[in-house]
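> Here's the letter readout for the chains.
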Amino acid sequence: MRSTEYVVRRIAFAFATIFVAATLNFVIFRAAPGDATTAMRCLSCTDEVRAQLRQELGLDKSKFQQYVIYLKDLAHGDLGRSFQNRQPVLPQLWQPLKNTLPMLLLGTFFSILFGLITGVVAAWRRGTLPERLSVWTGLAFFSLPTQWLGIMLILYLADPLGLPTNGISDPYLSFSNPSLWAEFTDRLSHMVLPSLTLGLVLFGEYTLITRSALLETFGEDYVLTARAKGLTTWQVVRTHAFRNSLLPITTLIFISLGFITAGSILIEAVFNYPGIGLLTYQSVFQKDYPMLQGAFLVITASVVIANLIADLLYIKLDPRIVE
Amino acid sequence: MSAQAEGLVVAPRRRLRDNAVVVALRGSHQAIFGGAVLSVVILIALLAPWIAPYGEHERVGEVFEPPSSAHWLGLDDGGFDMVSLMMFGTRVSLIVGFSAALVAMLIGGSVGIIAGFFGGRTDTLLMRITDYFISIPDLPLMIVVAAVWGRSLRNIILIIGVIYWTSTARVVRAQVKSVRERGYIRRTRVLGASNMRLIVRHVLPQVAPLLVATSVLMVAYAIFAETAIAFLGLGDPSATSWGLLIENAFARDAITVGAWWAIVPPGIAVAIVVVALTMLGTAIEDALNPRLRVSHVSVRRFKLRAAPPRPEDET
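Residue numbers (the numbering used here), protein chains in the order written: chain A, 980 to 1302; chain B, 439 to 753.
Chain A on its own, in the form it takes in the complex (with noise of 0.2 Å):
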């Protein structure tokens, strides 16, 4: 019973939040001094012309009513026209999203992986110089800025490893009519060292999480048990401490994965990787305001699922959280 009501509670949170984000959208864009007209900074704008978008973007109407339409909208998943290519919004998000996707998924693979390698390392030898390293690389990693990391890898990795920075794709492979397999490992080496980047950058939270997941388990009386019937330490970390310490491990995949996705912003940036970041960034670039919106309103909505996702998976794996 207190489980259902939880699950509604937190659907019911996730949803208003969303709203509240599509409200901040609306009231941010629109309480900003003069409007996207005066924003728009286009010199051979007539007055004629600016009435006439005024009308278009119905900014002639009071802003209550703006609030209402805007709503309605966004209701039937209209969020306006790009000011860029006079198109609709909505569609041109899915594809860079799609792009995004894959990419934050190798990064999340890299991180658990380097993640649950400094995390065992500093848990079984505990107190040692190891620890300390592998602690603190973790932390490095974590204060640096994303955007610099990215750098340092064209700067310095991308040349040894033979790995492209630019784009998604080699827009020239297209001539050679390549086989299935050629387009995968194009696409995929396009993904290394972005994916690389946020892996390094993340990976410290998952070393802590790891640690002390480990260090928790490794007080439990069937640790003490099994190193009484005289397991090795490795073995005690194989088969019982490391499976119990998943559930935080799991969680926090999800928790990044939705932060992530506004993570990426920096990464694309550098990368020029054409996603739902790099689409943000031009946007601002070209004053595509329009275009920010409905990228900011993804995003939120993205990272929000997949923290409801986190919290319903919570349950699955401990119940004892709702009674």
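Honestly, the hints are just simulated from the structure, not real lab data.
Label pairs and their calculated CB-CB ranges:
no., chain 1, residue 1, chain 2, residue 2, range
1, A, 1191, B, 497, 49 to 59 Å
2, B, 557, A, 1191, 25 to 35 Å
3, A, 1208, B, 480, 54 to 64 Å
4, B, 557, A, 1163, 55 to 65 Å
Glycine included, C-beta positions come from ideal geometry on N, C-alpha and C.
Let chain A serve as the given structure and place chain B on it in line with the hints.
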């Protein structure tokens, strides 16, 4: 409070030196290291105009000239001396960091105290708002606001402060809630003290150290956020910050030229300051409460999530 009571108990003079938190901090390597590094950086920021070898806008050579004995870190994309730029950048980055943290402290502190002290509907309402703000990803929100407000240092400070107040509010609220129930506060209330007096005289001193700890960490987040905003082309073009240095070098093809000296130093500087501030902030937090639930491990996601309650909280 009466003269008689004061006569009975001679209140010892409170010295900062003897404060439990300060004592704990003096024994902490983290705090000492973090504090020392921070002091040096602040000193550089203060003295920048006098110790910088060249002026902030002084062309001293070719574009992207490599490091030499005259210019230890080479020249940037405008032919300016990188050592000097780094020093002036320290100034701007620290100003942004501290001012934004102050804004966040004022907003978050007020919200936290009001919510925690008055409780009830006020608390529910304010915490609901806080939860929404926590759930909305901050970098995209900052970008959207910055894109509309325009590029100026003041705007960046306000944006970072206005968006980063949530964690402060939650931490402070939790502390205020426990302080409010303490015996001496109840007694003072019975004696007829107004809410204002209770907050200023009795609650604020109790939460002040926590507020300082959170704000120290906030400075780190703010500096970090500034580099991100600047990198996305939303920084103040006239204020040379570390973030702007990275952005300028990247935008002017320092990578193609191989001019690492224009990019590496600002990134390292950010990392050093962020690590120092994190060490200091967590050391203060630890000194305040060794079992504090809040863990500020990440610059990127430091917020207290509106997380499901943990089983051990129920007991």
